[in-house]
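Chains as they are written, first to last, in the numbering used here: chain A, 20 to 329; chain L, 7 to 101.
To be clear, the hints were calculated from the coordinates, so they are not data collected in a lab.
These numbers were taken from a predicted model, which means no experiment stands behind them.
Positions of the beta carbon are idealized from the N, C-alpha and C atoms, including for glycine.
Worth double-checking, as some hints may not be accurate.
As the list claims (entries may be wrong) - Label-pair distances were calculated between CB atoms; the ranges are:
1. A/Ser53 with L/Ser101: 43 to 51 Å
2. L/Ser16 with A/Asn158: 32 to 40 Å
3. A/Pro200 with L/Thr54: 14 to 22 Å
4. A/Ile199 with L/Arg45: 24 to 32 Å
5. A/Thr197 with L/Ser91: 27 to 35 Å
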Amino acid sequence: MAFGINAYNDANEVIISSELKNLHFIAKNSSPYSTVGSTLDFGARAILNYRVNNCPSIPVPFMYMPANRKAAITAVRQINSSTWDIEVVTNNHTVTLYIFADATSVQSDEGQGIVVYNADGSAAFDSRARPLAITDAGNVSPPSTPRTVFAPTNLDPKYCNSVGNAWHQDGFRPTSETNIPLSTSLPSKPMFFYFSLAQAELEAAFTASEEECDGGSVKGNCVGSVRRYFWQSHYWAFYRGTVSWSNSSNIQTNWVAVNWDCYWREEKDGGIIGIGTGGSSSAGGAFPYSNETINLAPGLIIAGDASRYD
Amino acid sequence: MSFGFQIFDSGGTLRFDSTDVTYNQVAFYSVSGGSSDSRSIPQIGGKTVAVGQVMIDPPLLDRKAVAHNISVSGTTVSVSGGSESVYIIVLVRGS
Numbered sequence: 020m021a022f023g024i025n026a027y028n029d030a031n032e033v034i035i036s037s038e039l040k041n042l043h044f045i046a047k048n049s050s051p052y053s054t055v056g057s058t059l060d061f062g063a064r065a066i067l068n069y070r071v072n073n074c075p076s077i078p079v080p081f082m083y084m085p086a087n088r089k090a091a092i093t094a095v096r097q098i099n100s101s102t103w104d105i106e107v108v109t110n111n112h113t114v115t116l117y118i119f120a121d122a123t124s125v126q127s128d129e130g131q132g133i134v135v136y137n138a139d140g141s142a143a144f145d146s147r148a149r150p151l152a153i154t155d156a157g158n159v160s161p162p163s164t165p166r167t168v169f170a171p172t173n174l175d176p177k178y179c180n181s182v183g184n185a186w187h188q189d190g191f192r193p194t195s196e197t198n199i200p201l202s203t204s205l206p207s208k209p210m211f212f213y214f215s216l217a218q219a220e221l222e223a224a225f226t227a228s229e230e231e232c233d234g235g236s237v238k239g240n241c242v243g244s245v246r247r248y249f250w251q252s253h254y255w256a257f258y259r260g261t262v263s264w265s266n267s268s269n270i271q272t273n274w275v276a277v278n279w280d281c282y283w284r285e286e287k288d289g290g291i292i293g294i295g296t297g298g299s300s301s302a303g304g305a306f307p308y309s310n311e312t313i314n315l316a317p318g319l320i321i322a323g324d325a326s327r328y329d
Numbered sequence: 007m008s009f010g011f012q013i014f015d016s017g018g019t020l021r022f023d024s025t026d027v028t029y030n031q032v033a034f035y036s037v038s039g040g041s042s043d044s045r046s047i048p049q050i051g052g053k054t055v056a057v058g059q060v061m062i063d064p065p066l067l068d069r070k071a072v073a074h075n076i077s078v079s080g081t082t083v084s085v086s087g088g089s090e091s092v093y094i095i096v097l098v099r100g101s
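The shape of chain L in the complex, shown without the other chains (with noise of 0.2 Å):
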């Protein structure tokens, strides 16, 4: 490796370096069942976004739970419409 960096443990072993790739995380809230959230998150722009919803102890079995519709616009993260609470997690990747 000529440029860049590595990181190694304290056992001498290569863990994370430049060649790697990953989603770093911008931003990480809740939002409740049946409510809305819009937000703006400057960090994202221009970004490869991931958003991931995570249900807060959702039933399994004993009754339906309706995800939220999540959509992003610019730098502007939006989530509606689902029954459950849920973690909303932002990740970017990119320049």
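Isolated chain A, as found in the complex (with noise of 0.2 Å):
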């Protein structure tokens, strides 16, 4: 290092650096302008959108949820130069945002203070905002499927005449969570940063079959008009990724349900003695988008301290 500034902190880690460039404190918002799919069912959940204002660069979002709640950052959306919005997937409440940028998106008119400058002329220290300071950081891993155990039950092969019932929930609500000790406490009020990429579908196929017949029967095979009958429906719900924490020492990795549905199919075939007389089907209901589970890599979490941005 030729020239500029480094500043350490206690263990002799760099802290401020005309090399780097910190995140500093811009906006807390706790206050969605939107919410979409509020609900308790499947195990409850809540689609997000918050806004981000006169942030010219990309903001990088910790959210604070009361312990025992789950929820993941799930867009970042640039809506025009210095406008954003943030999608977050919760089960079902609300988050508080604390968004941090790095020092060219910081609004002060205070001045006093010091500035460090990137030797393309950029702030990358703002002493005007708070820096962001972290307790923690890793990479962390979703459970591999939301449900402990996938045998749902008693759900209507026709026509998904069960969609959205108890049962249906009850065999698809997310149950897998993975906890994982941390080695550095967290304050009593944290804050993290995670996206969810994870994604997975869970389905399940009920059938039914039955036959009519018009004439009289011969050792089971009719010897009149017979019709057969044939349903299928596939129940299905789909996961995101999401992170919540219990207690000091402890954070989970966990899913939370976002969508679900059914689609089904009905044969028909018939024939009088033995001869067939032609057939038909029909479908419907909604299909998953996907049906696999995706994205299970470790993504990066970090933590910091709520507190300290109130």
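Make one complex out of these two single chains by using the hints.
In structure tokens, the structure reads:
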């Protein structure tokens, strides 16, 4: 380093540098401008959208949620050069977002302080805004599947008649959780940067068949007019990976069901004394857009103390 | 505090000092869906590196979104294999 400034912490780590960029607190937002799909069904779900204004560089959002509540960031959308939308999935609760960005997004009228510039002239550190301090960071993986046991029962095979009912919910409610002990204690009001990459789908098929015979039956064979029916319904749910914290020593990775539905088909054929008279089929319902579980690779999580930015 | 530095806000509240720990941002860039990117970032040499990917406008409920694979080798960060455009944020911690 031939010129510039480096400031070190007690562990001899660089925490301010003219060769790097500090993340600074830009805004706190506890009021989503829209909430979609808020429900307690299937283990609870809400899709929240928050808006960040006056932020010309990419926002790095941290979430504060109460203990034992699930949440994850699922999208960051740029609306215009300084406005962003941040989408958060939760198990039906509202999070508080703490937005951080590099120093070029700092809005301050204060005339005093210290600003560190990079060689390109852009601000790397600005003491007028609160720099991000972290308490822990690492990579975490979601459970390999949303359910510890997946064996739904009592779902109607005909025409998706059970979609969304208690049996559908019982069979598909996410139950898997991976506990991750922490080596560094969380603060009393922790905040987390965690972007949900993991996606999962569970699907179960239920079938039924019937035969109607208008004539007599000889040794189990219809000797008159016969009609055969076959029904199949595929019940499914789609999930996104989330995180929660239970106490100062443990965080969890888990899942939230974000969508659920069912698709079905019906087949009919018939005959008279063994001679086929033709068949027909019909189908309906909604297909899942994917039947895969993907993106289970470890993802970045960073923890900090939200109370520093209240 | 007998050595180090402290930064106070205009109200006199301590906001940052040399006992704090942080990750600093060394790079931020976008990688398009279906494409790959590999770049050398000399500032990450010898430091703890954390790389995050944030999907730009991914679908939530109408199609799958495959994440990019991210690898760090020496001072090179490689990103590939994802179906969605992402922001890549490279953070470092260390001396």
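Okay, the hints, checked on the actual structure:
1. A/Ser53 with L/Ser101: 43 to 51 Å: Given about 44 Å between the Cβ atoms, the range holds.
2. L/Ser16 with A/Asn158: 32 to 40 Å: holds (38 Å)
3. A/Pro200 with L/Thr54: 14 to 22 Å: holds (20 Å)
4. A/Ile199 with L/Arg45: 24 to 32 Å: With a Cβ separation near 31 Å, A/Ile199 and L/Arg45 satisfy 24 to 32 Å, so the hint holds.
5. A/Thr197 with L/Ser91: 27 to 35 Å: holds (29 Å)
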